[in-house]
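Read top to bottom, the protein sequences are chains A and B.
Just so we're aligned, residue 0 is where the first sequence starts under numbering that gives the first Met the number 0, counting upward by one.
Just so we're aligned, residue 0 is where the second sequence starts under numbering that gives the first Met the number 0, counting upward by one.
Everything labelled a hint here was simulated from the structure, so no lab data went into it.
Cβ coordinates follow ideal geometry from the N, Cα and C atoms, glycine included.
Among the hints, a few may not be true.
[Claimed, not checked] With beta-carbon atoms standing in for the labels, derived distance ranges:
id	chain 1	residue 1	chain 2	residue 2	range
1	A	Asp311	B	Arg423	54 to 60 Å
2	A	Gly47	B	Leu50	34 to 40 Å
3	B	Phe33	A	Val83	48 to 54 Å
4	B	Ser154	A	Ser46	38 to 44 Å
5	B	Arg165	A	Asp29	57 to 63 Å
6	B	Gly277	A	Asp176	53 to 59 Å
7	B	Arg423	A	Val83	56 to 62 Å
8	A	Ile74	B	Arg5	20 to 26 Å
9	B	Arg5	A	Asp25	19 to 25 Å
10	A	Asp176	B	Leu497	53 to 59 Å
[As the list claims (entries may be wrong)] Output of the computed footprint for chain A on chain B, the stretches with three or more beta carbons under 8 Å from beta carbons of chain A:
id	region
11	401-415
12	422-434
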Amino acid sequence: MSPSTGTPMSLALRLDGLSHSFGAIDVLNDVSLQVPTGHITAVLGPSGVGKTTLLRVISGFETPASGSIEIGGRIVVRDGRSLVEPEQRGVALVPQEGALFPHLSVGENVAFGLPKRRSAQARARVNELLELVGLGGFADRRPEELSGGMQQRVALARALAPSPAIVLLDEPFSALDASLKMSVRDQVVAALRATGASALWVTHDQQEALSTADRVAVMLDNTITQCSEPAQLYSHPVSRRVAEFVGEAVKLVGNVEADGTVTCALGRLPLNGTAPRGIVTVIVRPEQIELDESPNAPHAGTTISTRFYGHDGEIDVRLDSGETVVARLHATRLPRSGDRVHLVVSGQVLAFA
Amino acid sequence: MARPSRIPAVLAVPAAAAVFVGLAPLIYLFDAGFSRGIQGVVDEIMRSRTLWLVVRSLTLTLVVTLASVVIGTSCAWIVVRTSLRGRIALLTLFALPLAIPSYLAAFAWVSWLPGIAGFFGAALVLTIVSYPYVMLPVAAALRATDIALEDVARSLGISPLAAAWRVSLRQVQPAIVGGGLLVALYVVSDFGAVAAMRYETFTWVIYGAYRAGFNPTRAAILALVLVAIAAVLIILERRVRGRTARTRLGRGLNRRSVQVSPRSLRIAAWTWSGIVIGVSVGVPIVSVTSWMRRGTAVTDWGDVALTIRDSFGIGIATALATVLLALPVGIAIARFSGRFTRATEASVYVTHSLPGIVVALSVVYLGISLVRPLYQQVPLLVFGQMIIFLPLVVGAVRNAVEQSTPVLEDVARSLGTSRMATLRRVTIPVALPGIAAGGALALLGAVKELPTTLLLRPTGLETLSTSIWKYSVVSDYGAVGPYAVALMLLAAAPTAVLSTFSVMKAARQ
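Bound conformation, chain B alone (with noise of 0.2 Å):
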């Protein structure tokens, strides 16, 4: 049944302030970014260092890029067409990395290999946190795809690696594009790596520029630009998308059963992965675990203690606050059609181009320029967060909802039950587990932020991450180690567990 047009103000009007939030760094951006006029940003961006910045940043992007897509593929071949024992296990391994932060993961690098710095270091570290990407949705396209094609090809005289690349790879193309998109997405927004790895993108820049006491045009105008190059590749990934979604429908049952893999391949799969786990997720634990070693006996434990309580206090905050932000607006979606759905849908995407630290910085000007009493205040730290994790939150409700059939809420409603508490009753329990899982993940990863929360921070509270990045950046790693431990525990495993859960359950459905 089509979805209804008009949509009711008991909606609309949180949807619509859910939308006004996430768009105000926009706002702010264009305000201070045209503040001398369209000739002003036109110089700006024509400067030759502007220029040097793109060509750096964008060749980051295309190396990470496509070193990801190689080995997510790889991998998602690996753990759905082969007869490896203890797939499943892999798989998780293999999604493991998705959870570490890219500034952690650098910084093991770097205290371990100090001369990996740069552009090298960047890549590398990029591309093992965010390979992944590529990996997941590979795997479910792959898994949706039937072998029987590939037994066809052969019947036909092909070899089987030909059978492979003809048949298996052209149908999940889809899905490697897509990927490969979100992991660009992933490295143009990232601070966390290219600042431990002191290589000069946007994203650094932009802190600089901060923290050189602020030309905030310049800054404005280079987070416009990146967020110009962001929502570039979210309108791209959105394409890929919707048609991968297409070329899925109408398959009957597919065969799952993979045949035995000759030795050879067994041999070469193992040891491919396990460079790649070593890699990924090895490195950075083994690193972690020598910090711990060498700081155990300086730690003051009083103090990580009251820095956990400090980050679960703020990503609660901000988990509550995203999902009751998010609610209105995902039911929306999942729900009505129409132009002002379509209208909220699009706002909510060009929210998730916005990279962390341009929301920062937005958030940081607009706290000075206008609510003054609450800058460096939790309330702002909270509401930037808010703003970030808001897609992602918003993304879980709308497929939570989208699960259960509106006809429920008919039934309720012709069973007497008004539309706000057939909200409370009906839609949102119903939904409960998905939203649920959706704040447990902004929670998470809140606990993780790293850009937002140095720059929108009280002074003098600290959290896991701000931490790990004071002593980081002087290199006391002996120091770092706890809260590194603490992090990867609480925050990074759960993540992980979480993320894989919910993409094994798209890929059933």
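Same shape as in the complex, but just chain A (with noise of 0.2 Å):
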């Protein structure tokens, strides 16, 4: 859950207690949720978790069965009870595929949600926009004239216009071929952090939410497992389930000693925070594994396949305990498979009862 509980803080939008079901099937489950203002705060997730139907029920497109919703400092929805308008809430959406007017040039799209639409007062205010996003006199050209990525800094020019509470942005680089995704995603963040909005960020790209956002929110389950900044939700996941799911893991079986340490196939090692004693699932990053030279080495194997990625590379070992173990190493140390290795583990390890 949310860390936020000391200092009082200006929140863009707060989510209590949500639930929504389509017919039998649950969509959302007790989800809550803090977006303190001016941060980026990412929904992280695999598809079909439900992090659409949430930024439908955030925009009002979708009333929660029960829970509220709180948007800049007003309360939007109450119980279950929708008590505003979704054009009334004060949210900007940016979905996928930018999905601008067709039928508008580029200026007429970021003018769309402005009150004088028409003023030199919003022609300013569009112009210093498509400016920020890197797009300056693009404003009379048709939406179909640019590339996707161009297209998709609009929708984001549109969007914080008429500066909203927060900004909403659904997979906004999904449909961006990699090659392009990184720089219009820089260029994405660039521009939420100078105008300094709040965005709720939805995302199933684990790479994307680690080097973005301010906050990852893990979403698994239909509900929120665990809201931490980046660093924190990789280092010291709350479940197993968000430890397998964000980043790569190594899972051994092993058993908690009296003094805090734990004992696996790889060894005796240090825990990260704190276990109950017995027998636990111990979570290894594959780049603690390392190759251990040194004479007499313990944890012996063999490598029984290798992958070269350019940078770096991994190897699977088949330990003679029995176990198969992932470890990444720099790309001139990779063992050929049939290699006999030994393996050593550097720094803390998890561990889930």
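Make one complex out of these two single chains by using the hints.
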């Protein structure tokens, strides 16, 4: 759950116990989340977990069965009753593939949500925002003349123009190809930061979430299981499922000792955090596993396959004790399939009952 | 994303009103038809003359449908699967008869060969004006099937003709059946051709009952039987269409190029195309031009101009009213699911099964019994034509709205735009080209429409269609000439262009 219970912080968005279902199928189950003003929060989850429904509930196109929503300090849904229509909520959507209005020019698209959209003031605002997303001078173009990445940036400018309480981005880059994705993403994040906008950003892409958001909310099984800063999320997942979902995980059976260490096929290892004594699942990140070239090194095994990625690579090793583990190694040090290796773990590991 | 099922009142209220307007004729028909109770209805239907009418109508329908299937499929084949030059132009020529009103084609033939009147003439004329209903969907379906499949069949040792028959034709079978049902619906609803050819079917007898100082109950019961037949055809066509859509799912890119056809096949294809186009388009055009030559000396051009003005005046009024009525219905069907929408959609299809003569008849009676002052006034005429063209325009609005993603509307609302303003600023402008095309088709259709105009027009007002009718029934073809030419140029030709365009667009998607 959200750790921000100390000092009162102004919130752009507050979700409290939201539940929703389509017929017999639960899509949201007791979802709570807080987005502080000026922050970018990513909602990270596999597809089909209810992320899009969450955005539709927040923006008012679906009414939740129960729970409350507060946007910019104003209650818009109380106990499953919608009090405010979508157009009054001050949320601005940036959907997949931009969804620019095809009958309007780029400038008219950006001006769409402005109160006096044909005034000189509005025109100035449009130019300012197009400048911000790197598309100054494109106001008179037609949407279909722009590339996918440009359309996505116009969609963001259109969302930012009326200064909404929060911008909602729904997998905004999933339609772009990989090479374009990163640069557009950086431009979008820069524009959000420059305007100090608050944003809720839905994605299934871990790298995208971890590298751009202030905080990442992991959504599994139709609810938010953890919301933390990215580094915290990776090093201190609250459950085995979160640990397995965020980043790669090598799972081993272990036993927690009285002194707080854990014993497993890779030796006696220091624990990150605490775990109840007894049999546990130990989670080791592949980059923690290294080759041990010291004489008489323990934990021997045979390399059964290798994958070369360029800057680094991975090997699968079947330990002599029977378990199979994955190690991520510098590319220059990759053993070959069939080679005998010795492994050692650096740093603390996670353990879950 | 699933369409939401709760429909806002902004749309629901006008949509319900439109549905009520569309169903008004049926309400009247049931009221008048059952005025002597269920026994009266049964007696009337079991009269030998009624059964005789059913047999005559169905025989004509069957013959025309079979002939249209053969002609339509062969023409589609020529356009899509041979290497003839100018196949796009050929497609347009094959589609042209769609735009020629059946009464005009029929008068063109009887003025030339008076002996043709009767069953043969009616069947011939209805076949040449309705085979495009088979040709267009089959051509679209053929384009969507992969020629590589025929190549595979031939590599397995099967002759080219057998491969075409066993592979491609089997795949386009739903399109053929669907098109055939549309032809059947056209034939049972047609008034112009059977009237001009003096072949008695339901529509002609219903008109007679009205002219003969009417027996409202009998006319209403006959109309109900006709509506029932049409409804069966509509339901079957809908079923087949659902299947066609499914068979086209999930195809990748298809090879479009065709192999060069052998010389003998090209000659055969050209000959057949020449015969079809000559009979369906050539004869009407030649006839109408020859009337024109006979008529110019006695023609009152001021009268012609006035008629054109009145025709288009009523057409424009009809188109505007129909678009206004169709907008909420089309948007509701495109954007919402749920019981209300399904009921709306179903009633639009019921309206579609109402032949023009039935609509005309019911609006006459509604006018006499409910709004006497409006009887034989322009508003009532526009009202009747609006009912006839409502399904067409609803379809156009729906297709146009479905082309754009509903996310556009969500974005607009999240930017602070109300539901009503979103319709005005996003939904309708985005769909405008398609909506305008639907309105234009309604305008041109209203200019060509005959039975409703005949029955509902104010005394003394003449349109192009009623003028053609008025002079043709007394065989004064010299006088018909200018009106017929005006109708062909101002209504038929634009209709052909518009519908070919929309079919080609649909085929591309």
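Right, here's what the structure says about each hint:
Restraint check, Asp311/A to Arg423/B: a C-beta distance of roughly 56 Å satisfies the suggested window 54 to 60 Å. At about 59 Å, the beta-carbon gap between Gly47/A and Leu50/B misses the expected band of 34 to 40 Å. A beta carbon spacing of about 52 Å between Phe33/B and Val83/A agrees with the range 48 to 54 Å that was offered as a hint. Against the hinted window of 38 to 44 Å, the Cβ-Cβ separation of Ser154/B and Ser46/A comes to about 41 Å, which satisfies the hint.
Roughly 59 Å separates the CB atoms of Arg165/B and Asp29/A, a value that falls within the hinted 57 to 63 Å. About 54 Å separates the C-beta atoms of Gly277/B and Asp176/A, a value consistent with the hinted range of 53 to 59 Å. Separation of Arg423/B from Val83/A is about 22 Å and departs from the stated range, judged on CB atoms against 56 to 62 Å. Between Ile74/A and Arg5/B, the C-beta spacing of about 22 Å keeps the proposed range 20 to 26 Å intact.
The given range of 19 to 25 Å is respected by Arg5/B and Asp25/A, whose C-beta atoms sit roughly 20 Å from each other. Taking 53 to 59 Å as the suggested C-beta distance range, the pair Asp176/A and Leu497/B does not conform, at roughly 39 Å. Counting residues of the region 401-415 of chain B whose CB lies closer than 8 Å to any CB of chain A gives 11, so the stated coverage by that chain holds, three being the minimum. A stretch counts as covered by a chain when three or more of its residues have a beta carbon under 8 Å from one of that chain; for the region 422-434 of chain B and chain A the count is 5, and the coverage holds.
Of the numbered hints stated above, those contradicted by the structure are hints 2, 7 and 10, listed in ascending order.
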